[in-house]
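> Protein chains in written order, with the numbering used here: chain A, 1 to 296; chain B, 1 to 112; chain C, 1 to 299.
One or more of the hints may lead you astray.
Claimed, not checked - Computed cross-link-like contacts, SDA-like style, restricted to lysine to any residue with a CA-CA straight-line distance of at most 25 Å:
| hint | chain 1 | residue 1 | chain 2 | residue 2 |
| --- | --- | --- | --- | --- |
| 1 | C | K118 | B | N108 |
| 2 | A | K213 | B | N108 |
| 3 | A | K52 | A | R138 |
I should point out that these hints are in silico values taken from the structure, not numbers from a laboratory.
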Amino acid sequence: MKEIVVISGKGGTGKTSITASLAYLGGEDLIVADCDVDAADMHLLMAPDFGKPEDFFSGELAYIDQDACIKCGKCQAVCRFDAIPIIDSQYVVDPLGCEGCGYCARICPTEAITNSQPNVGKCFISSIRTGTTMVHARLSIGADNSGKLVAKVKNEAKALAEIQNKIAVLVDGSPGVGCPVVSSLSGASFTVLVTEPTVSGLHDLRRVYELVKKFGIKAGCIINKGDINPEVSREIKDFLKEENIVLLSEIPYNVKFTEAMTNGKTIVEYDKDLGKIISESWEKILRATRSVGDPE
Amino acid sequence: MKIVFTAKGTDMDAAMDPRFGRTEYFVIFDEDTKSVESYDNRSIEGEAHGAGPKTAQKLAEYGAEVLVTGNGPGGNAATVLKTTGIAVYIGAGDMTVKEAYEAYKSGNLKTV
Amino acid sequence: MKIAIASGKGGTGKTTLSTNLASYIAESRECALSDLDVEEPNSGLFIKAELIHEEDKFKKIPEWEKSRCELCGNCQTVCNFNAVLKLGKMIMVFPELCHGCYACSELCPTGSLPMKQKKMGELKAYKSGNLNFIESRLIIGEEQAVPLIKQTIDYVDEHFSDEVIKIFDSPPGTSCPVIEATRDADFVILVTEPTPFGLHDLKLAVETVKQMGKPFAVVINRHGIGNDCVELYCKEDNIDIIASIPNDRLIAETYSRGDLLYPTIPSVKDAVRSISTYIDNFDLLDNGSLKSKKTGQIK
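Sequences and hints are given; from them, build the entire structure.
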């Protein structure tokens, strides 16, 4: 079983629309995992039934038991995050400020402070309209995505793919270059980089590829809106050649791309020309993924 | 010499886990005594961040000299492995532990 | 007046709006634009101004001093973030994972982990006429954006008086960095796209600013590309849409070159003018709420 991870570094490049199209093309052969938990939009195109909701707990949050508190103020003195204000003459924890370091609980003389794992969101295992299963999550306000949550979504997806003998897990990866994207990439057989030919698009592509390289994962690239700036587009292609990244396709700027999403459809269902380009990319991805692990 | 494999099970026939930091198990093969040990790493699931360095620390405690895994470890884990002098071989994510050992012996794995 | 420009989703046009709005306002009065998307600051690509100041920004992290250390491992036990590890006969600190809580340092029985300054990023200030531009950039691999955002806002507070219009280009999403970037704002502008993805993320952003008790309004970018779902939602929930920027290939091309839009594209000029007028219509009251000069309505 293979793992195909789609990432972009920068937002707004069309990553999720493209991933949804790949999910449509792969159909029942895939299990889909949405690890772009900060902006989990893929469900809007996949019509999930939000099956098996499960609460997700992460990090720590301090809680002060007012009966045991002797109001010595030591907790407030050690807190570097100003998260223990006095309200109505009681020391209380500000949940948006608390980083969960646990220092206050360690030094409280009466052990009045405990740490609990807060509920930071929900995880779902849904049936979707491509005839397969999608694992996805929804975060609570102010909650951070983490390597832990991404690993959970991916593990559920991989376990299902094993049992049901699927060809691959298709992962919509996290943005940025931090811990969540490290967790998204970890274990990948092949990674698809989605970018656009803008100065910021190229900048972010270089940054996220540093990470891919460190993991030693083979990569391919889709340049979206390829024709809006031929010059930057050429720069991107030079970069791909230099780094031995497969150019999967160059999708022209086309309003149909967004129209499809507006109609709740993937691009391959909505427009024949764009659909053909993405189908060809998918064939290339499958070929490249199959050959991973073969002796070179 | 002790060689550690990231694995989804506890013996030489287990499939490799391509991940490093959040690997389910290690299989530890001692080339001198031909003995096979394993370590259950699944409690790492509870860690929100920093799974890589923590797993690398465990490996060092086992006195491993070589690590064979799938994808290369991320930045912090790589630092720990380098500091503790553990050699890292990657690209064995799709094999069993036994196959990974053979690939390592015959020089078919990339080192980082 | 402090205005935060935010959005639930990345790539909706926050930076486009921030840079064009700030430059437009600066044609008639002093304005300070800060890029608080410290992980990926992109505003600077669109602003041509002279560098007048730069400084390194630091956070405090523990540093191991070997001489007195008894290797008891207490530091590793008290760290909730896996940022301190005992490796054989040494203690290793991972600065990117450290939240700076001081627990390992202050609870160390031998004082072997004093807190030392570590560079986490750089702040640069630029000036061109009435336009001040402040940009902070996290160094690669650094995972904690919040302390740098906080220090950048402090810098702006110290250097610019209340009369200056301050615009904060916020990071995307609804997590801690956005909350830090908008916590101080008097008014929040949410930028969205008129598509189902845009609407979904807008709703999350609205929920966030409501929870923070901030007055806010919406700007629609790439208007005409999707459908009227965002407009219907705003109407139903009584949210002001203060401007729309049309979907236009010319805009995409101009943006891709790193150029400002409003000087050459009239529809963008109309949009930034409406936003500027909308902001000017409010007086900031002492209690932090906004009062309309025209209607007397309090937001």
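> Is K213(A) close enough to N108(B), meaning Cα to Cα at most 25 Å?
Judged against 25 Å, a Cα distance of about 19 Å means the pair holds.
> With the threshold set at 25 Å, check whether the alpha-carbon distance from K52(A) to R138(A) stays at or below it.
holds (13 Å)
> For K118(C) and N108(B), compute the direct alpha-carbon distance and say whether it is at most 25 Å.
violated (41 Å)
In this structure, only the earlier hint numbered 1 is contradicted, and the remaining ones agree with it.
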